[in-house]
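Keeping their order, the protein sequence lines are chains A and B.
Numbered according to the working numbering, the first sequence spans residues 50 to 161.
Numbered according to the working numbering, the second sequence spans residues -3 to 107.
Keep in mind that the hints were calculated from the coordinates and are not lab data.
It cannot be assumed that every hint is accurate.
Said to hold, decoys possible - Rough simulated footprint, nothing fancy, chain B against chain A, three-plus residues with beta-carbon under 8 Å:
no., stretch
1, 98 to 106
2, 142 to 152
Said to hold, decoys possible - Label-pair distances were calculated between CB atoms; the ranges are:
no., chain 1, residue 1, chain 2, residue 2, range
3, B, Ser35, A, Pro57, 16 to 26 Å
4, A, Lys106, B, Glu11, 40 to 50 Å
5, B, Asp50, A, Glu131, 39 to 49 Å
6, B, Phe47, A, Arg116, 26 to 36 Å
Stated by the list, open to error - In silico contact screen, one side only, chain B against chain A (beta carbon under 7 Å); selected entries:
no., residue
7, Tyr28
8, Gln38
9, Gly39
10, Leu40
11, Trp79
12, Ala91
13, Glu93
14, Lys94
15, Gln99
The C-beta atom is built at its ideal place from N, Cα and C for all residues, glycine as well.
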Amino acid sequence: KAGVTQTPRYLIKTRGQQVTLSCSPISGHRSVSWYQQTPGQGLQFLFEYFSETQRNKGNFPGRFSGRQFSNSRSEMNVSTLELGDSALYLCASNEASTDTQYFGPGTRLTVL
Amino acid sequence: AQSVTQPDIHITVSEGASLELRCNYSYGATPYLFWYVQSPGQGLQLLLKYFSGDTLVQGIKGFEAEFKRSQSSFNLRKPSVHWSDAAEYFCAVGAGEKLVFGQGTRLTINP
Chain A
50 KAGVTQTPRY
60 LIKTRGQQVT
70 LSCSPISGHR
80 SVSWYQQTPG
90 QGLQFLFEYF
100 SETQRNKGNF
110 PGRFSGRQFS
120 NSRSEMNVST
130 LELGDSALYL
140 CASNEASTDT
150 QYFGPGTRLT
160 VL
Chain B
-3 AQSVTQPDIH
7 ITVSEGASLE
17 LRCNYSYGAT
27 PYLFWYVQSP
37 GQGLQLLLKY
47 FSGDTLVQGI
57 KGFEAEFKRS
67 QSSFNLRKPS
77 VHWSDAAEYF
87 CAVGAGEKLV
97 FGQGTRLTIN
107 P
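Pulled out of the complex, with its shape left as it was, chain A reads as follows (with noise of 0.2 Å):
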């Protein structure tokens, strides 16, 4: 099976820009969920979607929005881009069988 794939790797934005991330998980799973990695705050959980509806979400500020596709396929959006927003987003294909993420390569987006 093929892995995880998220497009773009790497992404340059100014301030107030807005950014959309894409991922495509394993085929076969229906739950895809987002998380940001900086160095000073780690991994944190953004949202997770499940059949095009989102389950969960974590504690971020609304211009940080998802959506799901029926194919599972999933976008990230930010709006109004802060330079915190400097970082690796990470997307996980959830195994509902065995309840294990499986995690792309990550976009690294930075924001002048």
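Once you've looked at the hints, dock chain B against the given chain A.
What follows is chain B alone, placed relative to chain A:
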């Protein structure tokens, strides 16, 4: 609330030496516990997991971990490290769709 503590931010060991990375957790019920490894610029790779049963679990790359309920710990061990083990290691607790991670332990290997 769920939480994970990795007391050691950075550990240096010599190649061939044994390794133990510490992890303590706080969780309201029987925890699902995981160890992941991250190489620079990469995503997280699952090393091993504990759900129930035998408290000593074996993982990939020669790693093992022991769940000790009385100590709320899930320490990762390897009998002999290789230079390729240099990376950051994360302990995590939670259910399948949401994990709470520790701050990570950076492992450096001396030749």
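Hints, verified against the model:
Counting residues of the stretch 98 to 106 of chain A whose CB falls under 8 Å from any CB of chain B gives 3; the rule of at least 3 is met. Counting residues of the stretch 142 to 152 of chain A whose beta-carbon sits less than 8 Å from any beta-carbon of chain B gives 9, enough to reach three: the coverage restraint holds. The beta-carbon spacing between Ser35 (chain B) and Pro57 (chain A), approximately 20 Å, falls within the hinted interval of 16 to 26 Å. In this structure the supplied range 40 to 50 Å holds for Lys106 (chain A) paired with Glu11 (chain B), their Cβ-Cβ distance being about 44 Å.
About 47 Å separates the C-beta atoms of Asp50 (chain B) and Glu131 (chain A), a value consistent with the hinted range of 39 to 49 Å. Checked against the hint of 26 to 36 Å, the pair Phe47 (chain B) and Arg116 (chain A) passes, with Cβ atoms roughly 30 Å apart. With 7 Å as the threshold, the beta carbon of Tyr28 (chain B) comes within range of chain A, its nearest partner Cβ sitting at about 6 Å, so the hint holds. The restraint placing Gln38 (chain B) at the interface with chain A holds, with a minimum CB-CB distance near 6 Å, inside the 7 Å limit.
The interface hint given for Gly39 (chain B) is met, as the beta carbon of that residue sits about 4 Å from the closest beta carbon of chain A, less than 7 Å. At about 4 Å, the closest approach between the beta carbon of Leu40 (chain B) and any beta carbon in chain A falls short of 7 Å, and the interface hint on this residue holds. Given hint, Trp79 (chain B) at the interface with chain A, is violated; its Cβ is 22 Å from that chain's nearest Cβ, farther than 7 Å. For the restraint placing Ala91 (chain B) at the interface with chain A, the shortest Cβ-Cβ distance is roughly 6 Å, inside the 7 Å limit, so the hint holds.
Because the smallest distance between the Cβ of Glu93 (chain B) and any Cβ of chain A comes to about 4 Å, under 7 Å, the interface hint for this residue holds. Checking Lys94 (chain B) against chain A: minimum C-beta separation of about 5 Å stays under 7 Å; hint holds. Interface restraint check: Gln99 (chain B) against chain A, minimum CB-CB distance 5 Å, threshold 7 Å, status holds.
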